[in-house]
Amino acid sequence: MAATQCVALKLQQVGLCTAAHNRQTTLHPVQNVVPLKHGSAALSSLGSISQRSALPSTAHRRHRAPASKGAARAEGLHLEKPADDILLQIPYTPSRPVLPKAQEVVTPRAARRKGPPPIAPTIWTPGGPIDMNTLMLRNRIIYIGSPIDGRVAQSVISSLVTLATVDEEKDIKLYLNTPGGSTYSVLAIYDAMTWVKPDISTVAFGLAASQGALLLSAGTKGKRFAMPNARIMIHQPSGGCGGTMEDVRRQANELQQSRSKLDLMFSEFTGQDLKTVQTATERDRFFSAAEACDFGLIDEILETEY
1 MAATQCVALK LQQVGLCTAA HNRQTTLHPV QNVVPLKHGS AALSSLGSIS QRSALPSTAH
61 RRHRAPASKG AARAEGLHLE KPADDILLQI PYTPSRPVLP KAQEVVTPRA ARRKGPPPIA
121 PTIWTPGGPI DMNTLMLRNR IIYIGSPIDG RVAQSVISSL VTLATVDEEK DIKLYLNTPG
181 GSTYSVLAIY DAMTWVKPDI STVAFGLAAS QGALLLSAGT KGKRFAMPNA RIMIHQPSGG
241 CGGTMEDVRR QANELQQSRS KLDLMFSEFT GQDLKTVQTA TERDRFFSAA EACDFGLIDE
301 ILETEY
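Numbering (the UniProt record's numbering), first residue to last: 1 to 306.
Bear in mind the hints are in silico, worked out from the structure with no lab data behind them. Check each hint, because a few of them may be wrong.
As the list claims (entries may be wrong) - The calculated label-pair distances, taken between Cβ atoms and stated as ranges, are: (1) P126 - R283: 47 to 55 Å; (2) D131 - L274: 43 to 51 Å; (3) I130 - E282: 31 to 39 Å; (4) P126 - S260: 22 to 30 Å; (5) E246 - T134: 44 to 52 Å; (6) G243 - G271: 35 to 43 Å; (7) D171 - N229: 34 to 42 Å; (8) P147 - E168: 24 to 32 Å; (9) E168 - Q256: 24 to 32 Å; (10) P129 - V248: 23 to 31 Å; (11) V248 - K170: 30 to 38 Å.
Unchecked claim - DSS-like mimics (lysine-lysine), calculated; alpha carbons at most 30 Å apart, straight line: (12) K197 - K223; (13) K197 - K261; (14) K261 - K221; (15) K223 - K275; (16) K197 - K170; (17) K221 - K197; (18) K223 - K261; (19) K275 - K221; (20) K223 - K170; (21) K221 - K170; (22) K275 - K261.
Virtual Cβ for every residue (Gly too), placed ideally from N, Cα, C.
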């Protein structure tokens, strides 16, 4: 009986060593249980079991059916514990390797989409921090510093209407530093300028070209200014035509109507006759601040803040 317990202890040690050696591999229990025998027969059984536990297992290896308690008793072995408690843990290697999970590739566009929204420049005031756009609106200033498209027109129009609602008497200052933009968007801004009650004072910084020059000259008479180094440019509208012959003809007619309308507006704003304006807008015509004042696009050159 002591020999049997010693063999069982050795058998458990072999199983624990095998499990510790392969602790990072999935363990697969062997279902068949080898009955223990007395004497040399038990030692030979232990040796055969150790050899089988050292053999590498495969996915297609079949296991024999477990021996029953009756078979163990028939061989003269009386087990104090069930035979199922004495099992060998044999490492199991899957037939198909487990590949690492692919990492998600984040494109620059996706990174921008997931990132935080842009923060407007902040200015510290005695009342606390305030963003620049809000501060300019509090001082009734609207700044256009980019090409004029539908988004810019929407922002400018909403600002004009809001400031006119807050105070109908104080002037609204429109600062311009733009190369121009869409004719339709600029005409929408012009309609808002003429619709609100406050006077619109326009100031050119850097460059007021194309439709930007139209907004500059569309300010209230006597309140149109330019900085000393500003440049103003006027020309006829431009656009692309495509499609069928009829489409091209209609688009060309639309461009011609736009040019006629803009020439009439420049003639009204500057006081020049229509023929002079048509000659000036035939090609790109650049003006210095002094030349723009002489032509009637502005009323005064600003040397200091007004």
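The hints, checked one at a time:
Distance hint check: the CB atoms of P126 and R283 are about 52 Å apart, consistent with the given range 47 to 55 Å. Our hint of 43 to 51 Å for D131 and L274 holds, since their Cβ atoms are close to 45 Å apart. For the pair I130 and E282, the supplied restraint of 31 to 39 Å is violated, since their beta-carbon distance comes to about 47 Å. With their beta carbons about 53 Å apart, P126 and S260 fall outside the hinted range of 22 to 30 Å.
Checked against the given bound of 44 to 52 Å, the beta carbons of E246 and T134, roughly 49 Å apart, stay inside it. For G243 and G271, the hinted distance range of 35 to 43 Å is satisfied, since their beta carbons lie about 40 Å from each other. Between D171 and N229 the C-beta distance comes to about 24 Å, which lies outside the given range of 34 to 42 Å. Distance hint check for P147 and E168: the Cβ-Cβ separation is about 31 Å, which falls inside the suggested range of 24 to 32 Å.
At about 39 Å, the beta-carbon gap between E168 and Q256 misses the expected band of 24 to 32 Å. For the hinted restraint 23 to 31 Å between P129 and V248, the CB-CB distance of approximately 54 Å leaves it violated. At about 48 Å, the beta-carbon gap between V248 and K170 misses the expected band of 30 to 38 Å. Proximity of K197 to K223 is assessed by CA-CA distance (about 15 Å); at most 30 Å being required, the pair is judged to hold.
For the hint linking K197 to K261, the alpha-carbon distance of about 24 Å falls within 30 Å, and the restraint holds. The straight-line distance between the Cα atoms of K261 and K221 is roughly 20 Å, inside the 30 Å bound, and the hint therefore holds. Only pairs whose Cα atoms come within 30 Å are accepted, and K223 paired with K275 is accepted, the gap being roughly 26 Å. The straight-line distance between the Cα atoms of K197 and K170 is roughly 9 Å, inside the 30 Å bound, and the hint therefore holds.
Taking the CA atoms of K221 and K197, the gap is about 14 Å. The hint holds against a cut of 30 Å. Between K223 and K261 the CA atoms are separated by roughly 23 Å; this keeps the pair inside 30 Å, and the hint holds. Restraint check for K275 and K221: satisfied, since their Cα atoms lie roughly 22 Å apart, inside the 30 Å limit. At most 30 Å may separate the alpha-carbon atoms for a hinted pair to count; K223 and K170 meet this at roughly 13 Å.
Distance check on the hinted pair: K221 and K170 sit about 16 Å apart at the alpha-carbon level, within 30 Å; holds. Note on K275 and K261: the hinted pairing holds, with a Cα-Cα distance of about 13 Å set against a maximum of 30 Å.
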